[in-house]
Amino acid sequence: MTADLTRLSAADLADRLAAGEVSSVEATQAHLDRIAAVDGAVHAFLHVSAHEALATAADVDARRAAGEDLHALAGVPIAVKDVVVTKGLPTTAGSKILEGWVPPYDATLVERIKAAGLPILGKTNMDEFAMGSSTEHSAYGNTHNPWDLDRIPGGSGGGSAAAVAAFEAPLAIGTDTGGSIRQPGAVTGTVGVKPTYGSVSRYGLIAMASSLDQAGPVTRTVLDSALLHELIGGHDPLDSTSIPEPLPPLVEAARQGATGDLTGVRVGVIRELQGEGYQPGVLARFHESLDLLRAAGAEIVEVSCPHFEYALGAYYLIMPSEASSNLAKFDGMRFGLRVVPEDNPTAERVMAATRGQGFGDEVKRRIILGTYALSAGYYDAYYGSAQKVRTLIQRDFDAAFAQADVLVSPTAPTTAFKLGEKLDDPLAMYLNDVATIPANLAGVPGLSLPNGLDDGLPVGFQVLAPAKADDRLYRVGAALETLLEKEWGGPLLAQAPELETR
Amino acid sequence: MSTLSRDEVARVAGLARIDLTPAEIDRLAGELDVIVESVARVSEIATPDVPATSHPLPLTNVFRPDVPVAPVDRDAVLAAAPASEDGKFLVPQILGEDA
Amino acid sequence: MTTLVDYDEAVTQFDPVIGIEVHVELGTRTKMFDGAPAGFGEEPNTSVTPVSLGLPGSLPVVNGTAVEYAIRIGLALNCQIAETCRFARKNYFYPDVPKNFQTSQYDEPIAFEGWVDVELEDGSTFRVEIERAHMEEDAGKNTHVGGATGRIHGAEYSLVDYNRAGIPLVEIVTKPITGAGERAPEVARAYVQTLRDLFRALGVSEARMERGNVRADVNVSLRPTPESALGTRTETKNVNSFRSIERAVRYEISRQAGVLNDGGAIVQETRHWHEDTGTTTSGRVKSDAEDYRYFPEPDLVPIAPDRAWVEEIRATLPELPAARRRRLQTEWGYADAEMRDVVNAGAVELIEATVAAGASPAAARKWWMGELARTAKQQEVELEALPITPAQIGALQRLVDDGRINDKLARQVLEGVLAGEGEPEAVVVARGLEVVSDDGPLLAAIDEALAAQPDIAEKIRSGNLGPVGAIIGAVMKATRGQADAGRVRELVLERVQA
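Residue numbers (full-length UniProt numbering), protein chains in the order written: chain A, 1 to 502; chain B, 1 to 99; chain C, 1 to 498.
Hints are not guaranteed to be accurate.
As the list claims (entries may be wrong) - Listed below are several chain A residues computed to face chain C (Cβ distance under 7 Å; list not exhaustive): (1) His71; (2) Tyr105; (3) Ile206; (4) Met333.
These are calculated hints, taken from the structure and not from any lab test. No experiment lies behind these values; they were computed from the predicted model shown. We put the CB at the ideal spot given by N, CA and C, even for glycine.
Please work from the sequences and hints to get the whole structure.
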């Protein structure tokens, strides 16, 4: 019975909770049991908050019994990426420099999760400060891909994706600065959405790159993502970049899409995001998915985004520049690690020693790169030019969206690679995000959903929509999901190898 | 575009207040040189007529009303600090009076 | 060690050019970027939120009232208000800067290209051109603990209080002020004083110098003649009283003239002002190594003040200090010289409030420009820094007007109030200073005095009123000055004629 509960989608579990067939305590305990059984091998979690999760579950059960009007997802457990601050729960962002830090406040999205009564199972592993595409840059050890434990779960949000893929949680929160929700989704066979920039509050996300960061849902189905997006999204006065208008109807769009009918929808295939560098199996699945969309009534057109080839360059200037400034506060003065060198050191030396020892290699690499890009004499050539490329990429999107309602591409050029395979080649690692980065630069929303296997490993399909039209992602994503699952005879994750339990 | 020398990496690390070992400086100089060369291609298309975009969405005038909120709990904040005394954050001696 | 050149000598040899940066803390209820209360004198680290502490995950949101205040200041300084402007990050590591960057306006200030007319002591005006006025946030405060001197060097550690971190500031930067000649120090002081009055009139700040609400950095450079190119300047930081501003500029002119006359060169540097010795000393040399890596603050969106809003603010600007001074002078009936003294002493608001508290303009002026001005001078503080309020002066004067105390007693009451003994009424009671109005004790004292000096008593009885003063004096002495001398005289005459 409890094993089954972990296999349910969040929407199905919510229905059963609402119907009184199962309690939130049972559902939460089932997931905690699953974590205990498989997380030794997967290592998706950095911290499991069993006590708090069960207390929330019991509270929701009591309120439900008392006939209170509850949120649709009340009682459905959730995992939260460790880059999101949680009052009373350790928050490290995968870094030694924040080891043991317990925030005195909640991120806005966590407040919303708590207000809706979702038990928080724990905090998930990630690349340090969300810098990476494999979760190998976590200061607390690798997360393993549930499809093949020797492979990466993607990154930076490998923990959230693996937790959902391994049935340790039905829902998880991710953050996506250059693909950290979508790329892990692609390589773990899960669904991940990067909302329109400003759609979900950034208040309480430990910032990497302020103009690119966006939190979003990590789930096993498109509908679950829509449900979670609606819960955490919407205007927040604590985030100056939060969109003031209400969200479009996302759940409704997902339900409409699930009918499998896309008549009249124009789907643009981005010419620049296929071909060279893309694994043949990834491209094969991509084209099969296009055939399914066409069969569902969509009109497939090819669009060109000529400046996308500069996106990676612009991204690796803007992101490290902003990060170098955002991460300046980690200095050992007010919170977190303090490293004190010998002989009565000055504050200046303590800061440098703390940052030298507290940050890992990738974080140092990006801070140095960003500091360099902003330093006197280089600003115009680097940061200034990158901001111009951003304009050109936005114009590419504008032109493409004049021809198509949504744009599509493979989410990542390859399937999950082996742990350690690209660790010594930063540039090769950065190329994992080549298809996801343009959306962050332009602020447009993107969704990744599993669209098949290549050599036994999941492949992801990316849908992009114009800013503030996140509903289109859900409609097209849900339609493709329905069509694919009809072919597969069930969800892709049903084909994943069983994890050894203990 | 200029290349990143060891000295340049050391200078930038000083600006970024990060102690690097000589081995780290050597490695970073090599890696960053490759990365900078690759990303510097942006200047090929960043012509003067193209405006810069710093925000993905064109919002302006986002203001907060001048209304006080509850301050954060000092004890919780100081408990999470490396060191404190008399309700203040204790930090090592500071050199240089101005900033 | 350079020899100082006598000031008068220095200004005949060189043409001084000054520049002034004034920081004013806005009197908003909350901070620039978060809702933490922007109070004064709170317990350490109690006026803070995750934002003002720079905790991970926190984000800034601009205080709309602070923007309005900045626009007000810009308009009052005859500036243009930017169609659009932004905040930038100024990156540098320092423990009192919680994020290790200051959020400030860099190349896009909210107000620019203005001017303000400054009244000098002789009644003439001098126009100061304003380069820009921009918004930024204040830093926290360090206290240095341990070490021999309590100063930074030798301190073993520091304690940081972030209550002040994030308080909204507007920084006003002048263009180089030329043409002031030997009056440069006076212009500098009068300019800051004008701004202080302006901030108060605009209601944007309490603008109390002694609390650090208004802080000035003064740049000074010398050139051989007014036609020469600008010389290298020094920046003297945190000169925080009107008097010190004048002294600091004067000192720098003398010092720089000495360096130049000795064949030396002025180093572009930050200097520190020492109130006790009246000198400046070298701080940090400004070098190219200073690299703040400014870039647009990505957590904030641009500010594009709506033109209608700007005009609305312009329309509600209050009467500005110069006009107000003219109006008040008429209302109070002060002579030009009297009004100028009041203005120069920084007593306009104090007298206005004292009059509002019920005192006549003449009485208010008498107190502030007399006894209190002397006390302030002795203590080397500004008038407003004295621990007495206009309301208390009003109450004191009422006691005089009601005949409960005389002028001499009033001075003792004033002394008591300044010594922290409480309100005037309380001081009168505690010190037992009330005028003796009951005739009983007076008559007893008169009888005693007459009995003690029978020959004088006889003279008075015989109609020679000359020696009455001696009796009155004896009575005043016996009553420790608490008798009304006029009443004593009446009673003495009644007594001898009875």
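If you check each hint against the structure, which ones fail?
-> 1
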